[in-house]
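Please work from the sequences and hints to get the whole structure.
For the sequence shown, the positions run 1 to 502 when my numbering is used.
I should point out that these hints are in silico values taken from the structure, not numbers from a laboratory. Backbone N, C-alpha and C define an ideal beta-carbon position, used for all residues, glycine too. Heads up, some of the hints might be wrong.
[Stated by the list, open to error] Listed next, with one range per pair, are the computed distances between beta-carbon atoms: (1) G462 to V318: 40 to 46 Å; (2) L183 to A239: 17 to 23 Å; (3) D423 to V318: 41 to 47 Å; (4) D400 to D155: 32 to 38 Å.
[What the hints assert, rightly or not] With a straight-line Cα cutoff of 20 Å, these simulated SDA-like cross-link-like pairs (lysine to any residue) come out: (5) K186 to D109; (6) K186 to D155; (7) K478 to V418; (8) K186 to P174; (9) K186 to T175; (10) K186 to T64; (11) K186 to V105; (12) K478 to D402; (13) K186 to L215; (14) K478 to V390; (15) K186 to Y63; (16) K478 to N440; (17) K186 to T53; (18) K186 to R153; (19) K186 to T176; (20) K478 to R443; (21) K186 to H107; (22) K186 to G148; (23) K478 to S442; (24) K186 to S55; (25) K478 to Q444; (26) K186 to T51; (27) K478 to A441; (28) K186 to T121.
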Amino acid sequence: MSTCGCGQSPIAIGDCRPSKPACPTMTCPGSKPCEHCETTPLRDSAPYRVTATASTTDPTPYYTIANTHAALDPVVAQTILDSGTGVFPADDGTHNGQHTWLAGVVHIDPTSLRGHPVDVTLSASVHVHNDGSSPACRLYGRFALWNGTTPVRTDLLGPPDLPAGGDDNGVIPPTTVPLADVLAGKIVVELNLETGNDDACRVGPKQWTVDSFVLTVQASAPGCGRPFLRTTCRDCDGAVTCTTDTLDGSTPYAPVPPVIPVASCQDGCATARPPCISTDRDNAVTRGSDGCLYAPDTPSLDPSPCNAARNTTGGLLVPRIDLAGLAPGGNSGIERSVDIDITGAPGCPERWEIGARLTPVSAFLNAERQHADLLARAGTDVPIPESDIVLPEAGVYHIDSDVRYALGTATGGSGYIVGWLRDETTETLLTSFTQIAAINASRQEQQGGTTHIMTEYAVASGPRTVRLHLMFVPTGGKISDAEAGGTDSNGATRMRFLKVRD
Numbered sequence: 001m002s003t004c005g006c007g008q009s010p011i012a013i014g015d016c017r018p019s020k021p022a023c024p025t026m027t028c029p030g031s032k033p034c035e036h037c038e039t040t041p042l043r044d045s046a047p048y049r050v051t052a053t054a055s056t057t058d059p060t061p062y063y064t065i066a067n068t069h070a071a072l073d074p075v076v077a078q079t080i081l082d083s084g085t086g087v088f089p090a091d092d093g094t095h096n097g098q099h100t101w102l103a104g105v106v107h108i109d110p111t112s113l114r115g116h117p118v119d120v121t122l123s124a125s126v127h128v129h130n131d132g133s134s135p136a137c138r139l140y141g142r143f144a145l146w147n148g149t150t151p152v153r154t155d156l157l158g159p160p161d162l163p164a165g166g167d168d169n170g171v172i173p174p175t176t177v178p179l180a181d182v183l184a185g186k187i188v189v190e191l192n193l194e195t196g197n198d199d200a201c202r203v204g205p206k207q208w209t210v211d212s213f214v215l216t217v218q219a220s221a222p223g224c225g226r227p228f229l230r231t232t233c234r235d236c237d238g239a240v241t242c243t244t245d246t247l248d249g250s251t252p253y254a255p256v257p258p259v260i261p262v263a264s265c266q267d268g269c270a271t272a273r274p275p276c277i278s279t280d281r282d283n284a285v286t287r288g289s290d291g292c293l294y295a296p297d298t299p300s301l302d303p304s305p306c307n308a309a310r311n312t313t314g315g316l317l318v319p320r321i322d323l324a325g326l327a328p329g330g331n332s333g334i335e336r337s338v339d340i341d342i343t344g345a346p347g348c349p350e351r352w353e354i355g356a357r358l359t360p361v362s363a364f365l366n367a368e369r370q371h372a373d374l375l376a377r378a379g380t381d382v383p384i385p386e387s388d389i390v391l392p393e394a395g396v397y398h399i400d401s402d403v404r405y406a407l408g409t410a411t412g413g414s415g416y417i418v419g420w421l422r423d424e425t426t427e428t429l430l431t432s433f434t435q436i437a438a439i440n441a442s443r444q445e446q447q448g449g450t451t452h453i454m455t456e457y458a459v460a461s462g463p464r465t466v467r468l469h470l471m472f473v474p475t476g477g478k479i480s481d482a483e484a485g486g487t488d489s490n491g492a493t494r495m496r497f498l499k500v501r502d
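Shown next as structure tokens:
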């Protein structure tokens, strides 16, 4: 506290006596004689930096671009996430559209948190250099932020046609994410770059040098921001003449509201508040006239013989019954898969909610591979292991598949493609041979499309692996192209299953 301009105590605001000497230095510019100036330490609510790191993780859950994928070496990935320099190596040139991927889980130091923030704001940046030997065609990668398997930001890397030797910077702008998800390890930064031959522009593979990765996490909570000083001057009538906020008594500062006195902050900037007393019926705790809380020494118990609560030497004993439902994926009965849920409100609920819901296991798979060359293996069984789906448990399953194919002749010819599903675990045929496509042309003809295979299959025990098999059978002339079972620009080979009953 500074002294009063007229020499009196700051408490005696209205008792100005001109006979007292004035303060040698007035805090507020243009202040008048006979003025009281007080300086109070405060704290505002400006965002503050939280200690954060990123650790490399398997990037597979974040593969969202079709065609081929490659994971960056984990040691190189961690070096980049530690703000070092690492190289995304070029593909050998055999994979069109191949991207190499890096993913890092965001971690924060809980001890660097102040107050009780619910969310944090995350931003990141990285520098990439095209080492060549080819230019980058179109938008060539992505710098993304994920919450679990849900994309929060998917910022594409540009500019298009970045030449060999060119530089670019990836940026994730400040983005708010739940603090609980960060602490649970669900927030992930992902970077992918095209290292293969672009299948549209027909440019070659390329290598990238990546460095200067910066991860910034900020949080904010009322009264947990920056400390500063507020000087307030009043005249001899107590009216405020000026207010000045500074960091150190001289450097001006504009505080971020709300502003809280330092003296009233507790437990990491939480404002001190009196304890809350419940107003629920029959609450025996009361506040006395002295401000203290009082509770009866011995709880009053209902004498009913059905009341199981009783007083013991250790305190009031209330028997407890724990109710629990089946774990997710558990099942009951012979006709349906169900989950049994038993829930109650927090605390001591008088009512419980009991329910059930159907939870059949299911799965969906894209066979992200190039088409199998059936012409080169005409008349033989060609298994497609990338189509594998696993039936996890006993039951009856609906299984279906979309088979993508291409079939053609340059000079005329005939033949057909067939497909079937097989249980690889027990070597059991699920479906008979299904015709995928057929051709009988006297001259040039080219086909492409998708054919459906569907069946219902009962298994006595799991797991069981189901796989798609294909075969091309030539019947005359010359066939120039027979391939299937993969993904191209017009569609994909897909596998699905749904458990329909136990």
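Status of each hint after checking the structure:
1. G462 to V318: 40 to 46 Å: holds, 44 Å
2. L183 to A239: 17 to 23 Å: Violated - the Cβ-Cβ distance for L183 and A239, about 50 Å, lies outside 17 to 23 Å.
3. D423 to V318: 41 to 47 Å: Given range 41 to 47 Å: violated, Cβ gap about 55 Å.
4. D400 to D155: 32 to 38 Å: holds, 36 Å
5. K186 to D109: holds, 15 Å
6. K186 to D155: holds, 19 Å
7. K478 to V418: holds, 18 Å
8. K186 to P174: Holds. K186 to P174 sits at ~17 Å (cutoff 20 Å).
9. K186 to T175: Given that 20 Å is the threshold and the Cα spacing comes to 15 Å, the pair holds.
10. K186 to T64: holds, 18 Å
11. K186 to V105: holds, 7 Å
12. K478 to D402: violated, 27 Å
13. K186 to L215: holds, 16 Å
14. K478 to V390: violated, 38 Å
15. K186 to Y63: Within the cut-off at roughly 16 Å; holds.
16. K478 to N440: holds, 10 Å
17. K186 to T53: holds, 14 Å
18. K186 to R153: Answer holds: K186 to R153 is near 14 Å, not above 20 Å.
19. K186 to T176: Holds, at about 14 Å.
20. K478 to R443: holds, 10 Å
21. K186 to H107: holds, 9 Å
22. K186 to G148: Holds, at roughly 5 Å.
23. K478 to S442: Given that 20 Å is the threshold and the Cα spacing comes to 10 Å, the pair holds.
24. K186 to S55: Within the cut-off at roughly 12 Å; holds.
25. K478 to Q444: Answer holds: K478 to Q444 is near 10 Å, not above 20 Å.
26. K186 to T51: holds, 17 Å
27. K478 to A441: Judged against 20 Å, a Cα distance of about 10 Å means the pair holds.
28. K186 to T121: Roughly 15 Å between the alpha carbons, so the hint for K186 and T121 holds.
The earlier numbered hints that this structure contradicts are 2, 3, 12 and 14.
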